[in-house]
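K.L.:
Go by the hints and put chain B onto chain A.
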Amino acid sequence: MPDAPDSLLEAPPCASDPAQESLVLESLPKEPAFRHSRLQRLADRWSHLLFLACGLLVVALIGGILYFLAARGVGAFMPLAGNTDKILTLKEVFLSTDWDPNSGKFGILPFIAGSLSVTGLALLIAAPAGILTGVFIAKLAPGWMKTLMRQVMDLLVGIPSVVYGIFGLMVVLPWVSGKWLSDSPAAGFAVSAAILAVMIVPTIVSLSTDAFESLPLTLEEGSQALGSTRWQAIWHVLIPAARPRLLTATVLGLGRAIGEAMAIQMVIGNNPQWIALMRQSTDQTPILRFLFTPAATLTTELVQELPNTAAGSTWNNLLFAMGLLLYLMTMLIILATRRLGRQRNA
Amino acid sequence: MKSSSLVRAALTALLLAPAAFAQTVTVMGSTALGPLVKKAAEDYMKSHPGVQIAVSGGGSMTGLNQVVSGGCTIGISDVFATPDQEKTGIRNYNLVIEPFTLIAHPGVGVASLNAQQAEDVFTGKVNNWKEVGGKDQKIVRVNRPTSSGTRAVQQQTVLHGKEFSNNQLVQDSSGAVANTVATTMGAVSFIELDFLNRANGRFVGIAYNGASCTKQDVSSGKYPLFSFGHAYTNPAKTNPQVLKVAEDFLGYMLSQHFQDTTVLKAGYMPVAYVKSLKTKL
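As they're listed, the protein sequences go chains A and B. Using the working numbering, you'd call the opening residue of the first sequence number 56 and step up by one each time. Using the working numbering, you'd call the opening residue of the second sequence number -18 and step up by one each time.
For reference, chain A alone in the conformation it holds in the complex:
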């Protein structure tokens, strides 16, 4: 430990080559040039402990939240202490589309399907748009525009989701409904996915810009030397070369999208019985019905019902189980991202 600061003093600040560094270390005299005072060393040790505590706190928090969700959520399926209500089977919860807690029907399939649908649609819009914007910023835009676009993307990330929601509720919904739906309400997957796409595009753009910028210039030069046009170079060389990192960008966008609640719940219509409603109604073609039926997702249902249900009731426990499901889905996505990242490095 004591000789570490000396190496900092002696070694040139840019010496990153480990071989060179060890040479410098070996040539040093054994006795350090100066000693830290007792106080400094004490401060060093305590700050070490402080950092360790902070790190452990984060781990404890993640574990704690998982435990909290599981302890309450499992109560919906098992008789646990503090659980005053009836016990559900996994089948009637995960394989039923019927959600009507007041009459004891607890099928959460509509919420799972809703979450997947809205996230999938959002990615369908955001991934191509984001990746192409990434290509533009990294390879085509002039310098001033590159800076501008980067800053705009950072700003977009910073806008609170509730602002997107208000914009959707007050502007987009009335506009879509008046323009295309002859004044039927526009709430549903289409508008929610569009809003969600706007929210995750910045994430995808900045990650894919990095991906393209980190590609060796030789790839582009080589393909152009072989006579390819700019478009051919981008489509056949750059995008395939960056694919693992683009995939990571998309999956991170997915992670952000699936957990979003505030903006979506303002525009999606929050109708838990959307699957039944879609089956009954015959107004429009199926695809339009899917896009514009007021629906619900895991997150929106949590936001809507959690404050109003009695603690310990089946309903309340099941909402915690839904939270747990969401948590596990997000964890899975993050693990997938890490795996993709490792493949890239290998």
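Where hints are given, some of them may not hold.
Within a straight-line C-alpha distance of at most 20 Å, the following computed SDA-like cross-link-like pairs (lysine to any residue) qualify [stated by the list, open to error]:
id: 1; chain 1: A; residue 1: K141; chain 2: B; residue 2: D65
id: 2; chain 1: A; residue 1: K234; chain 2: B; residue 2: K256
id: 3; chain 1: B; residue 1: K203; chain 2: B; residue 2: Q97
id: 4; chain 1: A; residue 1: K141; chain 2: B; residue 2: T69
id: 5; chain 1: A; residue 1: K160; chain 2: B; residue 2: G70
id: 6; chain 1: A; residue 1: K234; chain 2: B; residue 2: F61
id: 7; chain 1: B; residue 1: K119; chain 2: A; residue 2: K141
id: 8; chain 1: A; residue 1: K194; chain 2: A; residue 2: R300
id: 9; chain 1: B; residue 1: K119; chain 2: A; residue 2: K194
id: 10; chain 1: B; residue 1: K119; chain 2: A; residue 2: P229
id: 11; chain 1: B; residue 1: K119; chain 2: B; residue 2: H141
id: 12; chain 1: B; residue 1: K256; chain 2: B; residue 2: F61
id: 13; chain 1: A; residue 1: K201; chain 2: A; residue 2: F222
id: 14; chain 1: B; residue 1: K225; chain 2: B; residue 2: P87
id: 15; chain 1: B; residue 1: K218; chain 2: B; residue 2: T69
id: 16; chain 1: B; residue 1: K111; chain 2: A; residue 2: L236
id: 17; chain 1: B; residue 1: K116; chain 2: A; residue 2: A391
id: 18; chain 1: B; residue 1: K196; chain 2: B; residue 2: K119
id: 19; chain 1: B; residue 1: K68; chain 2: A; residue 2: A366
id: 20; chain 1: B; residue 1: K116; chain 2: A; residue 2: K141
id: 21; chain 1: B; residue 1: K19; chain 2: B; residue 2: N73
id: 22; chain 1: B; residue 1: K106; chain 2: A; residue 2: G367
id: 23; chain 1: B; residue 1: K106; chain 2: A; residue 2: T188
id: 24; chain 1: B; residue 1: K218; chain 2: B; residue 2: T7
id: 25; chain 1: A; residue 1: K141; chain 2: B; residue 2: K19
id: 26; chain 1: A; residue 1: K141; chain 2: B; residue 2: T63
id: 27; chain 1: B; residue 1: K218; chain 2: A; residue 2: A366
id: 28; chain 1: B; residue 1: K106; chain 2: B; residue 2: G90
id: 29; chain 1: B; residue 1: K143; chain 2: A; residue 2: D153
id: 30; chain 1: A; residue 1: K141; chain 2: A; residue 2: A115
id: 31; chain 1: B; residue 1: K68; chain 2: A; residue 2: L236
id: 32; chain 1: B; residue 1: K119; chain 2: A; residue 2: Q339
id: 33; chain 1: B; residue 1: K19; chain 2: B; residue 2: S236
id: 34; chain 1: B; residue 1: K143; chain 2: A; residue 2: S158
Chain A stretches covered by chain B per the calculated footprint, using a threshold of three residues with CB under 8 Å from any CB of chain B [stated by the list, open to error]:
id: 35; region: 159 to 173
id: 36; region: 310 to 324
id: 37; region: 350 to 364
Keep in mind the hints are simulated off the structure, nothing from the lab. Ideal Cβ placement from N, Cα and C applies to all residues, glycine included.
P.N.:
Here is chain B on its own, set in the frame of chain A:
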């Protein structure tokens, strides 16, 4: 002389400090009732120095959950406690009448619905405004979430216990409902009367059964769209001294003076209006 009086003052302060500390009444629950209770608490604390009343929100169910577990002294709620919660021995006070009203987008062309029509609109038996005397415009129902107290009141009073149509938009707060009704063609909903008073024409009220929310129509039972704002205490889990203060405070809120002035001004109605009605809401 002087110093001894100082000492005495200090001793009294020391003796009183724990007592004063013990007289902190905490109120939690309904965000709808919160402002009224907060106003009452301010007035009450002015006339009762040494009493502290802290009011916070959280929602009706939070208020009930907390008062049952002893987490607060008074739980305020827009709905009755569940049977399970009542078994714990909590005590109900009906504080005020919360009047509700039907509202719609201004373009629907209907100013009044009778009880049957109103029921049909929300159960989905009727799907176009022209079937109840309005324009040729699809009916868009805007509801609160299944667990909402307002929705429970609506189901009981407007739908007479029948099920809501599943063709609906759901918004989790009265403010969001008001916004949705104002911006959605053909929208109809059920909301606290106070929101209609502040609508500025963005949405319109619909008279129910030819009656409007006035003192006469409410006390005669002609206008049934209301619920009670409740306060619950938990004698089993509260320090008796604090409980006494809490009960005195609730007594103040139920006093004729408070009911006839502050309650009316806040958009609620005195509970005395329905004293004669046999009603369980």
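K.L.:
Taking only the CA atoms, is the gap from K106 of chain B to T188 of chain A under or equal to 20 Å?
P.N.:
violated, 50 Å
K.L.:
Just to be careful, I want the Cα atoms of K143 of chain B and D153 of chain A compared with a cutoff of 20 Å; is the pair within it?
P.N.:
Given that 20 Å is the threshold and the Cα spacing comes to 17 Å, the pair holds.
K.L.:
For the pair supplied as a hint, K141 of chain A and A115 of chain A, confirm whether the alpha-carbon distance does not exceed 20 Å.
P.N.:
With a Cα-Cα distance of about 32 Å, the restraint between K141 of chain A and A115 of chain A is violated, given a limit of 20 Å.
K.L.:
Does K201 of chain A pair with F222 of chain A here, judged by a C-alpha cut-off of 20 Å?
P.N.:
Outside the cut-off at roughly 27 Å; violated.
K.L.:
Please verify whether K68 of chain B and L236 of chain A have alpha carbons no more than 20 Å apart.
P.N.:
violated, 51 Å
K.L.:
Are K68 of chain B and A366 of chain A close enough, with their CA atoms no more than 20 Å apart?
P.N.:
holds, 15 Å
K.L.:
Given the proposed pairing of K116 of chain B with K141 of chain A, does the C-alpha separation stay at or below 20 Å?
P.N.:
Violated. K116 of chain B to K141 of chain A sits at ~47 Å, over the 20 Å cutoff.
K.L.:
Does the alpha-carbon distance linking K225 of chain B and P87 of chain B stay inside the 20 Å limit?
P.N.:
violated, 49 Å
K.L.:
Checking C-beta pairs, does the region 310 to 324 of chain A have three or more residues closer than 8 Å to chain B?
P.N.:
This one holds; 3 residues, not fewer than the three required, reach chain B with a Cβ under 8 Å.
K.L.:
Does the structure keep K19 of chain B and S236 of chain B at a Cα separation of 20 Å or less?
P.N.:
holds, 16 Å
K.L.:
Given the hinted pair K196 of chain B and K119 of chain B, is their Cα-Cα distance within 20 Å?
P.N.:
violated, 34 Å
K.L.:
Is it true that the CA of K116 of chain B sits at most 20 Å from the CA of A391 of chain A?
P.N.:
Answer violated: K116 of chain B to A391 of chain A is near 54 Å, above 20 Å.
In this structure, the hints that do not hold are numbers 2, 5, 6, 7, 9, 11, 13, 14, 17, 18, 20, 22, 23, 25, 30, 31 and 35, in rising order.
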